[in-house]
Amino acid sequence: MSIRLFPSFLLTLFAFYFVSVFSVPAVPIAGAAEQNGGQQKTWKTIDELSEAEKATIDFRLDTPRDTAIPYLPAEPYPFEPPYTAEEMGYRSMEFPHVSRWSHAMADVFGAITSNGYLDEGITIGFSHYLPDQDGVPGQLTVAPGEAYFRMAFYYTYPPENQDLQDLWILRRTDQQETTKLDNFIYSPTLRRVRRQPQPRRDAQFPNSVQSFDDIVGRDAWEFSWRLLGTDVLHETVRFPNTRPTVTLAQPDGNFYEVPADHIKMLGDTYPHYTDDGGVACYVVEARTRKDWLPNYRIGKLIYWLDRHSFYPLRIEQYDHDNQLVIIEVRNAYLVNPALEGRGYAGLFTVYYDIGLDLMSYSAHDAHWVREWSKEDQRTMFEPDFMRRRWLKYPLKTQALVYTPEKFFLRPLLYPEKFPDERKIVVSEVVARRIDAQEEAGHLVFETTSQLSATKTP
Amino acid sequence: MIQYKRGPIPALRSLLTGLLLLASVSPCSGYFLDKQVHSLVNSWSRFDRFLATFDPAGRYVRQPIERQIPALTFKGFYRQWSDIQLSGDRRVGNRKKDFRFSQMQHQLELELHYQISPNIEITNVNNFVYDAVYNWQDSAGLYAPRVSETTRVYHNFERTVRELYLSYRTHNLDVVLGKQQIAWGKMDGQYIDVINGMDRRESVQLEASDYEWRRQPAWMANVTYFFGANSLNVLYIPNFEQDRNPVPGSPWYSPLIPPRDDDVKSLLDGRSEPSGDTFRKTQRPSAGDFGDHQYAVRLDVSMEPLTWGLIYYYAWDKNPSPFIVGSNVDADGNTNLEFQPKFQRMHHIGITADYASALSGVPFVGELPLVLRVEGLWTRDVPFVDFDHQQAARDGSRNSGIVTRDTMRAAMAFEFAFPGNTTFLFQPSLLYTFDWRESLGSGFGGAVGDEWNVLPVLYAERPFRFTRDRLRVGLTLIPWISGPIREWQGIKSRLVATYRFSQFITGRMTYTTYSSGDRRDVYGQYNHWDNLGWELSYEF
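Order-wise, the sequence lines are chains Y and V. With the first letter of the first sequence counted as 1, position 382 gets the number 365 in the numbering used here; the numbers rise by one all the way through. Just add 3 to the spot in the second sequence (first one is 1) and you have the numbering used here.
FYI, nobody ran anything at the bench for these hints, they're computed from the structure. Quick caveat, the model's predicted, so the values are computed rather than measured. Ideal Cβ placement from N, Cα and C applies to all residues, glycine included. Just so you know, not all the hints are guaranteed correct.
Pulled a few chain V residues facing chain Y out of the computed Cβ check, cut under 7 Å [what the hints assert, rightly or not]:
1. Arg52
2. Ala55
3. Ala186
4. Lys189
5. Asp303
6. Gly369
7. Pro372
8. Asp398
9. Gly399
10. Asn424
11. Asp472
12. Gln506
13. Glu542
Next comes chain Y alone, as it looks inside the complex (with noise of 0.2 Å):
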């Protein structure tokens, strides 16, 4: 190379970078993703379900409401069978992503985006459920504006992070009170405890496809509700072939080994699955209410609930296009049984932004149940306590990834299912990761070359 050129061969580099960090490589498509799953059709229209089906559903769009609070249903919850499609999304409540009873749990995180730059963390969650009753009906007993659920995180990893914390104390909101969240932060490197103001409830965090909503949940009252069927799901997280098992802990500090494959979406001691291992699922529409939720990034969603507790196993957002955007995948097992069908709690969770082909995931390792005594209500909960950097419950967990290798694979699109309500729209790029990774058993970082591409529809 001459050396005339080199400034020019260094432009080149840097524009190589930008194309390979920053953007999507536009190269052009030599096959179509399989992504059904391998399943036979799952999935019914309502037209297409049984009268026996049929029977356990309240079609009605329209229900009595509650005298007291117009925006909620009339009858009482939890609600008899035959369910509207707006009782389940009110059942669904029960789960948000971190669970509504008093707890604490080592949440260990990371986002990989499509060129395999992997960033992770680890913090300590202790909620705190404030309500004499769990879920969601200890969430109405409190008025609108008033605190329902204080949150403490202790940040232990990355290096950057230890020793960071975050005080969330949610609120009750209604139209008139539309604070959702108290938020403070205690910055080691300041050494100070500062309120923050609420993240935007549908902005996704930095280098994360969570949003503040995807964490602490949404309300039911915010959307409308809509039956689009049912379907039965058989996967949901997918790990890789590159790691066979996983390292969980107890709270107790103990830790077991558990091979990937053997997780469950609903735990070992879920009784409803179907015979070929799936779970059978409503799936339901909630559309934003735009008197509710003005300017709010999400037109809709789409939930693919169990029928048995309607847990939330699959969450999809579609921008107001009505083109999906994120999709949300969870396993989950029962963590609380003084709550029955209420007492799930997620394990893994897996966030899937597809126009930036980026990745975030969840695990929630040493979940333990607990009630706090009394000195750690009035302590472990107040902004003050931060500054104390006292981590006083130092649970332990092995969950990380570690290495790109061993990511999570990209949810399972299924674009045959329900195509009048779901728009899928991926670009060719991702398409071709996508087969990659299907054929792999893994993510597949390295672009190859549209000339030598051998994957044809």
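Keeping the supplied structure of chain Y fixed, place chain V upon it in accordance with the hints.
Chain V in isolation, oriented as in the chain Y frame:
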């Protein structure tokens, strides 16, 4: 229904192809070009993945140590920060500004926590700093190590061992004994954050983000009693640590301060004798004298969504005041004064509060979350040099040359969370000297060079999603408005781009300018100190 769309950046791809054509020295077939593009993209992708998990100190130092000693938590960082001046060599006031780098600092921090029991812990934080500016460039204007070696390297226990304390915790009580630093307050900037002295070697370029490494930790007893959502914090500080201001021959030593660099070096070399006014050795408060100790108390109250707090601090001024203790007439008939620098007692009374809310129905953004923070400090008996009194002393009057005034500094911050994780902050600050007159110098907490100063600080920062939020850019503007005399003392602008190479390695570029204002003004005097800085930090 699934659709496939074309790649989103055809223009960029065309550019890339064009660039490759320019750069390639081989004959280009389409196949070759395509392979070459992907080969390079994949190589970079591999490097990016390697960098993302590159943590040798964590893997080979931290983790083995923590495995061997489970009660020990070990962490640290290495940081290289450099600032290069953008203006050429020149004389500015009394300074010979013939250097380009104003800092080339290498900093290693090691932090250890040893858990003796669930309630008792020992903490030790050590800093090792070497600033290469004095060795790596040939400059007549940089000779600060001859005045204080600390400007070049932390070479003694006092500077290297930054923190060493024992902490004992129960639900209602925290007791922390030892060398430590305390950061009171909630605001950017120092309002009630006054407990420790500060190393102000960067003068106007000391940023709030660097306070952690620039505070001067002191030996003290720190006791906090927690009751409900409230707390009462009491400090007993026998050890006094003063501010460390830029010394002559350091990059940020004010060009306004005489004598000239050549004269200072002549004195240091012993080529000339001190003449004119003379200064005795500074009288410092003594740790051995109970009457010299400092005391502070802070009350914090939470009344959600409002939290507020009050502080009181019986303290020493962190900078000595030159008291006139004598005078003499030299051979030329000039009256020279003899000064005794001494620290003076002061009373600090402060308040802090914050409140959160959300504005609804804001055009274009809908709901707009915001936080309001307020902080203020009223300080009694602040010593000020009075130049009229000094002149009177030269004319034969007997006085100390020092008067005391009350001062106030306060700020109110409005922080907004806009879409795209964009933060916008507006923080007007006020510095005020009560009973001010033009003959006064500067004193703690008061306005600089005037009766009042107002600093309407603007700050905006956002990450860029197309970089997966690895790139953040922030802009800070600090105009310095002043009255009734100077009106305008310049503006400081700071543009910062931070890029996360990984969760362990971060790079930062900073462009700082000091514009307008008179050469005697706070920022105006540094008009030739515009600089570009870069920082590379590895945390393990």
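Run the structure past the numbered hints and jot down the numbers of the failing ones, going up.
8 and 9
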